[in-house]
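Residue numbers (the numbering used here), protein chains in the order written: chain C, 909 to 1254; chain G, 1067 to 1289; chain Y, 4 to 289.
Bear in mind the hints are in silico, worked out from the structure with no lab data behind them.
Hints are not guaranteed to be accurate.
Label pairs and their calculated CB-CB ranges [to be verified]:
1) Y:G90 x G:D1235: 38 to 44 Å
2) C:N1079 x G:G1140: 34 to 40 Å
3) C:V919 x Y:G90: 30 to 36 Å
Just so you know, even glycine gets a beta-carbon here, dropped at the ideal spot from N, CA and C.
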Amino acid sequence: MTKTFAGTAFVGVVTLALPLALSLSQLTIYILLGLAAMVTIGLSLLMGYAGQVSLGQASFYAIGGYAAALISVHGGPSLLGLLAAPVLAAAVALVVGVPILRLRGHQLAFATLALQLILLSVLSDASWAGGAIGLQGIPHLSVAGFELDQDLDYAYLTWAGVALTMVVAHNVVASRSGRGLRALATSETAAAASGVPVGRYRLLVFALSAGFAGLAGGIYAFYLGYLAPGSFPVLLSVQYVVMAVVGGLGTIWGGLLGAAAITLLVQLLTDLGTRPGMPSYAPSVLSYAVYATLLVLVVLFLPRGLAPALRGGWRWRRPDRAARTEPPDAPAPSLAGPSAAANEAA
Amino acid sequence: MSGRVVDVRKLTVRYGAAVALDEVDLHVEAGELVALIGPNGAGKSTLVNTLSGILKPAGGSVSVVGRLAHVPEGRQMFASLTVDDNLRLGAWRIRDRNTARVYELLPGLVRVRDNRAGLLSGGQQQMVALGRALMSRPQVLVIDEMSLGLAPLVVAELAAHLRALNSQDGLAVLLIEQNARLALELCSRAYVLEAGRVVAHGPSAQIAASPAVAAAYLGGGPG
Amino acid sequence: MSAFLQYLITGLGVGCGYALVGSGLVVIYRVTRVVNFAQGAFAVVAAMAVSTLLGAGLPHGLAEAFAVALAGLVGLLVGLVAIGKPGTSPQAALIVTLGIGIFAYAIEILIWGDQPRSFAGLPGSFTLLGARVQSHYLLIIAASVLVFLAMAVLFARTDVGRALTAAAANPYAARVVGINVTRMGLLSFALGGALGGLAGVLTTPVQQVTFDSDVVLVVSGFAAAILGNLTRPAFTLLGGLLLGVAQALVAGYLSTSYQTEVALLLMLTVMIVQAARRPTIQEEPA
């Protein structure tokens, strides 16, 4: 326990001090990495605990961003915008979650994808949202008279956002509801039989993950200063899934780790791809090829993702493959299927 | 050695770390009816799946002379397909998909040949499973838990079919049964499998007479 | 009236394309229980291949045939990665196919660039009751109907088709009778690839494709297939046609910008209605 605390504190201090040492372009990476981590932690919980694959998590990122942007562009206090971002995203999640969370596996994946496509289509057509061009000139965030107009400010805001996300996620997982959630991931039927309100918990995790993504979106809007539907393509949602899977589903550090790994990887590939002599399509080709390969390799050969592998700890099973003899409190979620032998015996 | 259609020597099969079969020796002679009895979880189905090629041995050897057909536990119908289609799929391993012979052997199937297998009664499904196995013209038939969930009359009819197939066609049968009484009546020789090991084997009468077996599997006491 | 007829026929044509993509999803799902996210990529790859082959001088018909065969091969490769490793669960395989779909972007951009492509289809147009429609739409409809009939015959009357159904219905029993279930799975992926490829080949003359067209295609294909719960080709055809016609009518009478929403909302409604009929808790496999 103290080892974990010491480790967490160490990471916290290092990441807090880091922005001071970074150049402007590196700060951008730091911020985007942090924002991605916030979304990914939520997604990782959703996929790991509620066993749902969401291919539309960027929707909530977008909703948060647009909420913050719209409020401040129309003269409202920017802080209100920032607070409204996660709230609105979570609210939307609650509303759409009720019908669609009853869908299983692949159906939910397509439903979330469909929702994102609908959202993007609506935003592109909506003049109040700026249409395809989007919203420009979003004012800087100002809190109690202090205006965040430096990249460094946003780096710290992002750090705070990530820290908040991790703390809330940790508390939820460690709480009584958290135990119910873990039971949910291991075996829905058993959980329901033990009195765990399955539907409600799934909805809770869904809304929570949306809230994290929404908050990240809000910060993003203020940092960037402009938003357009094109900033939130389906590929971004897929990227979050890759981050969550690579990092390790259902683990909070996995969300951060996965986001970091993929963000840095994409940055590296972009740098590689934009070297003189490289064709113009090189950055995208490299990125797609590399992180697609990474996703496939992780799913096939390292199904629990990087975080558990690095820690050498935790063993969970996916909800519908759980051996019902395992106590709910035990292992970490993964995409691992049944062992080959068990498969043969079936 | 010659005349054995199934020869299993020192067979060991594992599930991960657990040992399901531990150096099992078992054989079936041509034209023999052999029973394999034992409690749930003894490894009977594991043995059958290994004979059938679905599982691979971790040690020891399995040798089958001629073709072995497997009638799986629980009937395992292709529910959405007709009886006729189920039968034809039984001949997957050989060229000849002609079902006429099987309908002759099991005339009860003719009536239901165009019915969906999933809608049949348990007894009918068991007959389909048997017919499906016979389609591949096997020299030895391995039947896993034939009597499960079936009424005694139905079981008797199936047993009669097996006897006929054995005496007329020389079909060797390895009968895996929880219903030890049925198995020992039908078969001339028996093995008793417990926790992955053969704990007894010999002529059925001898096995049936053994007090330990009688107590564990035959409801205790003579008769 | 003529406008309506025009929308109807173009809608049916486009709908057939969706149905073909969806039928590929169905074939794969029935046998392997995997939802193939790369299904749209088959269509894109085939379409791109046709434009290249035509440019290289290959005649029509031959170019399309090659492209469909290529798509089948690509399908096989996808299958190998998705289900080739024993013990991969369907959920994991779904994510794998997602990854492969993205990997396909890299290949497509590398070979064909990132600009939209199209090629000529059946030339000419015809007039039906005052409605002027491109003849190519008839080709799409005719070809699709033929393919669906062929599939019905395949599954019901051929040994291989029965084996595919058997592998889907009861993998254990299939292994017992000697059917190689993995091989059947791979075959279904190859078939799914060819079906997706055919969809791309048929519809690109009237709807150009880019490397990222696969998302819309796979979502539309899924929308069509979900009507039959991903397991019934006949319903997939119906779903595709309904979708295509609904889209065409909305585009014609209201506005083209609502097309996507129509498809998506239809799909969501079908899924939610189907789900409402089932219990909340997922039944676990024994």
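For this session: Starting from the hint list further up, note which numbers the structure goes against and sort them upward.
Result: Checked against the structure, the only hint that fails is number 2, while the rest are satisfied.
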